[in-house]
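> Just so you know, the protein sequences line up as chains D and W, in that order.
Under my numbering, the first residue of the first sequence is numbered 1, with each subsequent residue one higher.
Under my numbering, the first residue of the second sequence is numbered 424, with each subsequent residue one higher.
Source of the hints: derived by calculation from the structure; they are not laboratory data.
Just to be clear, a hint being listed does not mean it is correct.
What the hints assert, rightly or not - Rough simulated footprint, nothing fancy, chain W against chain D, three-plus residues with beta-carbon under 8 Å:
| hint | segment |
| --- | --- |
| 1 | 122-135 |
| 2 | 325-338 |
| 3 | 352-360 |
Just so you know, even glycine gets a beta-carbon here, dropped at the ideal spot from N, CA and C.
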Amino acid sequence: MLKAIILIGGAQKGTRFRPLSLELPKPLFPVAGFPMVYHHIEACSRVPDIKEILLTGFYQPTDALVKFIQDTSKQFKIPIRYLQEYTSLGTAGGLYHFRDQILSGNPESFFVFNVDVCCDFPLEEMLEFHKSLPVNVKFTMLATQATKQQSVNYGCLVEDEETHEVRHYVEKPQTFVSSTINCGTYLFTPEIFQDIGEVFQKNQDAMFNGGLDNVGNGRDTIRLEQDILSPLAGTGKLFVYKTARFWSQIKSAGSAIYANRHYLELYGKYHPERLAENCDGGPKIIGDVFIHPTASVDHTATLGPNVTIGVNVHVGPGVRVRESMVLQGARLEDHCCVLNSIVGWNSTVGSWSRVEGTPCDPNPNAPFSKIEGDTLFKNDGRLNPSITILGSNVFVPAEIIILNSIVLPHKDISDSVKNQILL
Amino acid sequence: MKALILVGGYGTRLRPLTLNRPKPLVEFGNKPMILHQVEALVEAGVNHIILAVSYLSDMLEQALKAQEQKLNIKITMSHEEEPLGTAGPLALAKKLLKEGNEPFFVLNSDISCDFPFKAMIETHKKNGKEGLIVVTKVEEPSKYGVVIYDKTGRIERFVEKPQEFVSNKINAGLYIFSPAILDRIQLKPTSIEKEVFPNMAKDGELFAFELKGYWMDVGQPKDFLTGMCLYLTHLRSTTPEKLAKGDGIVGNVLVDPSAKIGKNCRIGPNVTIGPDVIVEDGVCIKRSTVLKGTTCKSHSWIESAIIGWKCTIGQWVRMENVSVLGEDVIVKDELYVNGGRILPHKSIGDSVAEPQIIM
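If we strip away everything but chain W, and leave its shape as in the complex, we get:
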């Protein structure tokens, strides 16, 4: 079975992390974001994954070659010369997707959830229609595209960012389609939500699948951290042995075995510590992700931060309010960083008292 993952663009909302690395390779829960989806797809029986990419595709290709061998699957890059939107990439990969004449998955690469791929296949087969869209319940549906469907699951219509409450179910960005859909899409920049789905709904060919469990679009820092908290809670209920325990560990914490944590620290709740990270004595980290190779020096206090690769956080630093640090950032001792977005290879010697971008 095949799957198409819409990797697409520059990942600008996750800058500065995505300035020198494609978004799918940014580690979420100590694993590249895309690998969460790839592994779940393989487990559901997918053996060929097509990545629709337009940015840093070489880096992505190299990183995934190793996975190809390990998981014994085929990974193909479908390279967009110009951005094709959310439907165009399907047309680009038409030949591949029509092979074998079986349903295929299409995923938005920013989605983190308890992927229901096996159940999706079953439901789609039972429905016998052109498409199945996963929907999820959210607290603030007006931020997204809302999906209206009847008791049988047949989708009636979509409402983009509704001004008044119509439903709290939104499009979760995970689909399974029959190859017939490919006749509806032309090779040009096309929005699947605005141009393809409404017609399919009118034809009664589109059905909804309600997602159970957590869901998050982790394409921007605030949601990346919220998604991380949900993911760690999910790990706690499925594979709790993966989470850290011991002195100084509070709540759900994921620590790579190669990381070192000092004495009198307080790590957690909701913290991910990557490989080769050094956390010195007396450090307090909460609700944050620390990526590979970073050092957090003693007595610092970090909350709601995404700290990039190979950074150095000085002693007695206080960091809070969704600060995001790119690769190789140095924060000198005793500084205060409040909502700072700091670009890669930058060394800062002055506090950032109010949220701002440091170039």
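One chain only, chain D, in its complex shape:
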């Protein structure tokens, strides 16, 4: 039997996702109508051998998180547990700390996911590949292609074409190593804990012998990529399964919109019933659109492509929404226009107002191009034009424009805003 572990991080991590993560833990942020981590769980549910899913992280177990886990566990009929780290233990430290729970029931292997990865996970194929490897101690890493320039922003690996072994692995190198990058998704046999255990011991001892290598981190913190996988490269235990399927990280709000678009596209393949269709008396639908059953959308509105309308959202007459996400409880009043934006929970966009952002999509001319991890500001100090975000409970009065701006929750707006962060 198999298990799946999803690393969901904690409040100090994922700060680039603010202000959307100020009110709700990032893993619960809805992408294409469902919480980010729901998509991982759904992918796992398609692998019949996975018998338990464990979420590890250092968020406090809020009501939202607890309820989500209960509901989702019931829905997919698979046990799901949240194991809270006492402090940030790093991507491998948490695994090691909970190794007993992970190995209970003697799984032959277990998947490990990073929650801020958005992907059409090829889990069955990865499992078959893993099983076919001629060794017993095996750790498989999912990888994909990136452009040469962008590869240095990720973990880069060099693959042996014949054995599919990882000959070399380095996280975010300063010079070009390889355009094959780590997807942040793994399949380990239980022996991984020996390798992690050795590093753990070394760190603990170093604390007393002086010369702790993990500068700035606690001695209990172990990073999977740098501390475990890098040394494993070339030892005959680390392997790579390459995929050409869609893969992206969700680090910033802009990448959430991009992930939203791709998950909506995947619904066409796995869940066509989730996509809205044109019908008499209904709004005009263009391309992929998700409308939650509790939302009310006027029949004169035009939605899409790539739009998500959340729980209890009200979309008034003559409204236009394109390439955007509208979160739970928001109201879009008559004739307003929402483009390339995220409208936060319970916010209101007044009549005839325009909420517009600038898409930050990858270069469509370069295959395997990824979204840029752009900085918030340009070199001359001006705000980089990007997706417009309205935090929760933001009231946008009628007839104004919010362009390329970020508005923090509960902010009152009285006038048009362009290229600003409203604190």
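Starting from the known structure of chain D, fit chain W onto it as the hints suggest.
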């Protein structure tokens, strides 16, 4: 009685509207700018109007032929081969203006106001001097030429764009002169403000007439729109039946009878809608002029814009900040136009986020 209207040049400040049409023919309050002046002059007893022109005079001539017949007056073109400034045209038309030996009006064609022509004739006769200049009070006199005059109305001097406050009365661009002034002007490029008036003032021959009511030089887009607001307010107090009323009409709005306005719109305040204009459902227009034959598609929001003839504004477009569109411009759906000046026959598919000229 005669009048000389200084139409003059290329109207470059009102481009792109004036790229293929002379400025006097651009519709202000649903009537060609020049017609406001012509009709007011005729009502005061003028029966011969001379237009001092240098640009697209053929188009102007044709358009005014019809008016000649309708108003039963004579309209003559005085064509400048080279630009003659603000006084030169009087010398060019000297023969015509001296005929009949009576006072004549001279007007700047960009002026919109409650024309006081009858009162000007009376005051000029009473004064018995060479010239009467209309002056008006403005908030920022330093942008213009300021006029200093005494209690009797006798003008002492002019100060061009004063650096310090001297007066808030400026030259309104409307004059009435006796034919004697023509002896002071030679046929060459001459500025009446700089070269003729100061001498007349020294001779005590120039008097001021204070204008009551609104005044605006509508030669550039920002002032064109401000002038339109003042004009509509003027209509409200004189002939309110001309203004539109009904569902979706807010404040002072002028709508040509042939225009069509859809449901759930909000038009106004201060909007002029020209003939054959189609405004679809859910459109909001404020402080703007929409010229003949344009279509504004549904759910768009337009403020402070001058939209030229036969344009198409797409659905959910947002236009603001004194955007000016020339003839036959197409703005595609869902765009944002902020202070855009768009040349005729241009189709734009990208938003104009910051004020700029789109060629």
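> Can you take a look at whether the segment 325-338 of chain D is actually covered by chain W? Rule is 3+ residues, C-beta closer than 8 Å.
As far as the segment 325-338 of chain D goes, the hint holds, because 3 residues have Cβ atoms under 8 Å from chain W.
> Residue count check for the segment 122-135 of chain D against chain W: does it reach three with CB-CB under 8 Å?
The restraint on the segment 122-135 of chain D is violated, since only 0 of its residues have a Cβ under 8 Å from chain W and three are required.
> If you count the residues of the segment 352-360 of chain D with a beta-carbon closer than 8 Å to a beta-carbon of chain W, do you get 3 or more?
holds (count 3)
Violated hints amount to a single one, hint 1; each of the other numbered hints is respected by the structure.
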